[in-house]
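Under numbering that gives the first Met the number 0, the first residue of the sequence shown is numbered 0, with each subsequent residue one higher.
If you're looking for bench data, these hints aren't it; they were derived computationally from the structure. From the three backbone atoms N, C-alpha and C, an ideal C-beta is built for every residue, glycine too. Errors might be hidden in some of the hints.
[Stated by the list, open to error] What follows is a set of in silico ranges between Cβ atoms, one per label pair, in the way DEER data are often shown:
#: 1; residue 1: A56; residue 2: V30; range: 33 to 39 Å
#: 2; residue 1: Y60; residue 2: V21; range: 35 to 41 Å
#: 3; residue 1: R5; residue 2: V37; range: 34 to 40 Å
#: 4; residue 1: V33; residue 2: A56; range: 32 to 38 Å
#: 5; residue 1: I4; residue 2: I26; range: 27 to 33 Å
#: 6; residue 1: V53; residue 2: S17; range: 26 to 32 Å
#: 7; residue 1: L80; residue 2: I18; range: 17 to 23 Å
#: 8; residue 1: A82; residue 2: L14; range: 21 to 27 Å
#: 9; residue 1: V21; residue 2: V59; range: 37 to 43 Å
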Amino acid sequence: MRSPIRLNIMTKMALLTSICLVTQGYIFTHVLGVNPGVLITISPLLLYLAFFLVAAARGVYGRPGYWAGAIVALTAVNISLYAVAPSL
Numbered sequence: 000m001r002s003p004i005r006l007n008i009m010t011k012m013a014l015l016t017s018i019c020l021v022t023q024g025y026i027f028t029h030v031l032g033v034n035p036g037v038l039i040t041i042s043p044l045l046l047y048l049a050f051f052l053v054a055a056a057r058g059v060y061g062r063p064g065y066w067a068g069a070i071v072a073l074t075a076v077n078i079s080l081y082a083v084a085p086s087l
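Generate coordinates for the entire structure from the input sequences, incorporating the hints supplied.
What follows is the structure in structure tokens.
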């Protein structure tokens, strides 16, 4: 039997970031019906870029779980801000 596909940490973080961006965009557009600013829309991507730059500078990934949690938490905060007060 073949072994499952192994993904490295950068690929996992990129996949998580894309899932968060797509989920956030779907909820903003189809569920809440709001059009947030550009900075709010791409904020999970900015955290991924920060993770990439820190990992490149240090040569190690540190604790990617913290970065993944920060990306998911930021996405949840963005959605909750517009769910509570859509006029932002």
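Hint check results:
1. A56 / V30: 33 to 39 Å: 38 Å, holds
2. Y60 / V21: 35 to 41 Å: 24 Å, violated
3. R5 / V37: 34 to 40 Å: 35 Å, holds
4. V33 / A56: 32 to 38 Å: Since V33 and A56 have Cβ atoms about 36 Å apart, the given range 32 to 38 Å holds.
5. I4 / I26: 27 to 33 Å: 29 Å Cβ-Cβ, so the 27 to 33 Å window holds.
6. V53 / S17: 26 to 32 Å: 19 Å, violated
7. L80 / I18: 17 to 23 Å: 20 Å, holds
8. A82 / L14: 21 to 27 Å: 25 Å, holds
9. V21 / V59: 37 to 43 Å: For V59 against V21, whose Cβ atoms are near 29 Å apart, the range 37 to 43 Å is violated.
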